[in-house]
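Chemist: These protein sequence lines are chains A and B, in that order. According to our numbering, the stretch in the first sequence is residues 88 to 492, in order. According to our numbering, the stretch in the second sequence is residues 88 to 492, in order.
Hints are computed from structural coordinates only; laboratory data are not their basis. Each hint should be verified, as a subset may be incorrect.
Since the list gives no way to pick one copy over another, a pair counts as held whenever it fits inside one copy or between any two copies.
Said to hold, decoys possible - Straight-line alpha carbon distances no greater than 25 Å define the calculated DMTMM-like cross-link-like pairs of lysine to aspartate or glutamate that follow:
no.	residue 1	residue 2
1	Lys470	Asp318
2	Lys364	Asp237
3	Lys364	Glu109
4	Lys253	Glu376
5	Lys399	Asp242
6	Lys253	Asp159
7	Lys434	Asp318
8	Lys200	Glu109
9	Lys342	Asp142
10	Lys248	Asp93
11	Lys451	Asp244
12	Lys451	Glu283
Here's the letter readout for the chains.
Number of protein chains: 2
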Amino acid sequence: MPIKTDQLEDRLATINHFSNHEIGQNRLVYSSTWIKGQNQLIDWGLASGMTVTVDAYGTVYLDVIGSTVPQDVIATGSHMDTVVHGGPYDGLYGVIGGLQAIQNLVSRFGQPKKTLRLISFSEEEGSRFPATFSGSKHYTGFEDVTGIQDQAGNDFDAVRKVAIAKLNRNGVTAGRPTLPESFTELHIEQGPQLSEAACQIGLVTAIVGQRRFTVTVNGIANHAGTTPMSDRHDALQIAVTLINQLRTEALALSKKLTFTVGELHVWPNTSNVIPGKVTFTIDTRHVDERILNRFENRLKTVAEQAAISPVKVAVNRWVADQPVQLDSTMLAQNERLAQKLGLAYQKLASGAGHDSEIMSRVAKTTMIFVPSINGISHAPQEKTASPDLHAGVRLLQASLKQQAY
Amino acid sequence: MPIKTDQLEDRLATINHFSNHEIGQNRLVYSSTWIKGQNQLIDWGLASGMTVTVDAYGTVYLDVIGSTVPQDVIATGSHMDTVVHGGPYDGLYGVIGGLQAIQNLVSRFGQPKKTLRLISFSEEEGSRFPATFSGSKHYTGFEDVTGIQDQAGNDFDAVRKVAIAKLNRNGVTAGRPTLPESFTELHIEQGPQLSEAACQIGLVTAIVGQRRFTVTVNGIANHAGTTPMSDRHDALQIAVTLINQLRTEALALSKKLTFTVGELHVWPNTSNVIPGKVTFTIDTRHVDERILNRFENRLKTVAEQAAISPVKVAVNRWVADQPVQLDSTMLAQNERLAQKLGLAYQKLASGAGHDSEIMSRVAKTTMIFVPSINGISHAPQEKTASPDLHAGVRLLQASLKQQAY
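Make the full structure from the sequences, and use the hints.
Modeler: In structure tokens:
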């Protein structure tokens with residue numbers, strides 16, 4: 088099978104062009120741009136003779152079958168979806184970089200002994216529906232996300248089925264492949280540490296645990312001019328006070344505890360009406376679960392204290408991902424390979440959640456980071472220097488070679 | 088012309104049924120429910136032989152021409168539009184109550200000496216487009232609102248023309264009638280004072296001045312997990328701090344100064360991304376313009392202090408209505424009539440803006456309030472007891488009789 092080398096940046100550009108560069112990447116799971124992305128990947132897999140499988144959640148698997156022990160699978164990959172107005176590398180770099188690494192190996196060393204698998208997970212960000220990692224959760228059999236709606240009221244299962252139907256064609260097998268013995272995820276750091284330390288490579292020791300909550304404040308909508316200030320039950324004013332108070336609590340618990348209110352909605356949201364209802368999300372992360380527990384307890388207490396009749400405050404936790412220690416043996420192997428390749432590296436924990444969190448429950452799992460310029464991510468300005476993109480692929484390639492040949 | 092008496096509540100119900108009661112009244116200017124409302128009013132006017140005029144902004148005028156001095160016009164009325172999820176009486180009560188009062192007079196006393204005019208202004212709330220009182224501003228020649236868009240990007244002038252076309256038919260004259268010598272606006276209080284004082288009638292001495300601002304905070308969107316708390320430019324966190332600070336400033340200036348943040352928007356508004364941009368509105372009102380000036384100066388200072396590079400904070404004022412003293416002679420007349428009719432009344436200032444503010448610049452203007460149960464308004468729960476609705480119409484009728492016969 089003929090392989091052109093170094094299609095890395097061309098292929099990243101091809102899929103990124105499906106979104107409007109002005110407003111960034113918008114490959115929300117099961118959207119039209121997401122479907123284009125997964126289909127483009129399938130095209131590349133079929134064109135190079137790889138075995139293509141798509142599961143019921145839309146995760147795409149591209150296999151190069153092993154010669155002697157095909158049942159042993161060495162996997163790499165990441166996710167196809169993005170946040171709203173996201174960047175060009177989050178998720179996609181691990182997918183395209185993984186494909187490039189596998190194809191480079193096959194072109195130089197021929198068929199591997201073990202099966203090499205590129206995985207493009209359907210969804211990891213939780214940006215369209217109130218659930219994260221639905222792709223890797225399905226693949227690992229950990230959980231089948233279902234029965235939820237997006238902000239527009241679209242049903243997860245309905246849009247999922249419509250989208251998957253558009254990935255089906257000749258040469259594509261529907262199904263869920265066996266689990267691999269190892270998984271390596273190539274990803275941008277999405278933080279400032281590597282660029283500040285001038286390292287091309289980050290070897291990930293652990294992934295922070297994260298919890299996401301939706302807080303709903305029910306007050307009483309009323310006229311903005313005739314209702315005395317002392318006689319108001321202003322849902323937004325209560326929410327604003329809660330957010331400030333909770334942020335202070337978070338900073339007091341640990342400087343490394345991140346606290347983000349990323350989404351907020353107001354009803355009726357018109358300038359001359361006192362808001363009757365507000366909802367907002369809280370995203371909080373730390374490597375130590377005890378800190379996350381303490382924050383959650385404080386959140387519940389603060390919310391109860393704010394709920395003075397007739398005001399109601401409800402807290403709903405919809406993400407609870409535990410901190411994860413990644414495989415120490417693979418970490419040590421990657422460290423030796425990085426030294427051998429002369430790549431400047433650093434060990435660090437990941438402040439972002441990743442599919443590796445879920446994969447680590449079923450396979451030896453490790454992650455390779457490359458620097459994010461100024462640490463900017465989840466934004467159109469997200470960028471990684473070209474040499475760093477290639478350095479990550481080189482290390483991944485060396486790791487896959489060692490494991491599969 | 089045959090007039091059924093006491094159609095007040097039936098007619099209120101007829102127009103209120105154009106909206107969904109579950110979510111309240113939604114007759115945003117030039118919307119389909121607004122068009123139905125103005126057309127229903129035109130039907131009633133034509134059916135009773137009144138002279139029907141519609142101006143270029145969609146304000147409807149129903150005249151009973153005077154016998155001896157038809158050029159002298161005694162006007163009453165209010166506005167047809169509502170806020171988002173509004174109540175059944177704000178605006179509409181003054182329109183239907185005014186029509187009822189005029190028709191009762193004609194049925195009992197025949198043609199008046201002076202012309203009696205019912206006015207149903209197109210828009211007063213400023214809830215769809217960023218401008219208020221566009222109907223009365225056009226009628227009085229004070230200002231022709233133009234060149235603005237609603238949140239969906241619809242052009243004010245375009246939707247206005249489409250809507251007005253749907254009010255045109257046989258018997259309807261297009262044009263802007265001459266200005267009246269007096270204007271009486273019947274309206275619900277929208278506050279708690281009358282119900283707390285157990286008065287059926289409020290005689291309005293003045294209307295508060297109000298200013299509305301939009302504050303835009305530009306920060307930097309970034310990843311919620313990998314960006315250290317110390318390294319963030321979180322637009323929502325800055326907005327939340329500003330709102331708390333400005334509220335404190337407002338309360339310190341005067342207990343009677345109302346401060347409302349009714350509308351707030353977040354970009355990209357997704358749970359795992361630090362907000363890069365936030366806009367929010369401020370609605371502030373007081374009877375003393377000096378207090379409004381002081382608040383506006385504090386707002387500008389506080390906004391400048393919050394704009395620490397790379398964060399930008401912009402303040403845009405889009406409403407500046409001065410406090411208005413209403414006509415003292417008409418107030419005294421209405422007080423005598425209320426006493427004569429044995430109605431318990433109270434003099435008070437209006438915390439809400441009204442078309443009377445604009446009309447007072449061109450005609451002797453007064454307002455008659457009826458109680459709002461629990462002071463609730465601009466919400467589906469807005470309610471006024473049936474006897475109070477009728478009491479307001481009785482006083483209005485007596486006032487119109489005294490002026491036009």
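Chemist: For every hint, state whether the structure bears it out.
Modeler: Evaluation of the provided hints:
1. Only between protomers do Lys470 and Asp318 lie at most 25 Å apart by alpha-carbon distance; the minimum there is 18 Å, versus 50 Å within a single protomer.
2. Taking identical chains as interchangeable, the C-alpha atoms of Lys364 and Asp237 lie at most 25 Å apart whether they share a chain (19 Å) or sit on different chains (22 Å).
3. For the identical chains of this complex, Lys364 and Glu109 are inter-copy neighbours only, at 16 Å across copies versus 33 Å inside a copy, given an alpha-carbon limit of 25 Å.
4. For the homomeric pair Lys253 and Glu376, neither the shortest alpha-carbon distance inside one copy (40 Å) nor that between copies (63 Å) is at most 25 Å.
5. Within a single copy, Lys399 and Asp242 get their C-alpha atoms no closer than 28 Å, and across copies no closer than 38 Å, so neither meets the 25 Å cut-off.
6. Taking the closest pair of Cα atoms, Lys253 and Asp159 never come within 25 Å of each other, the shortest separation being 30 Å inside a single copy and 72 Å across copies.
7. With identical chains, the CA atoms of Lys434 and Asp318 are at most 25 Å apart between copies only, with a shortest distance of 21 Å across copies and 56 Å within one.
8. For a Cα distance limit of 25 Å, the shortest separation of Lys200 from Glu109 qualifies neither inside one copy, at 45 Å, nor across copies, at 66 Å.
9. For the homomeric pair Lys342 and Asp142, neither the shortest alpha-carbon distance inside one copy (41 Å) nor that between copies (63 Å) is at most 25 Å.
10. Taking identical chains as interchangeable, the C-alpha atoms of Lys248 and Asp93 are never at most 25 Å apart, the minima being 35 Å within one chain and 58 Å between chains.
11. Taking the shortest alpha-carbon separations for Lys451 and Asp244, neither the intra-copy value of 31 Å nor the inter-copy value of 64 Å comes in at or below 25 Å.
12. For the homomeric pair Lys451 and Glu283, neither the shortest alpha-carbon distance inside one copy (30 Å) nor that between copies (71 Å) is at most 25 Å.
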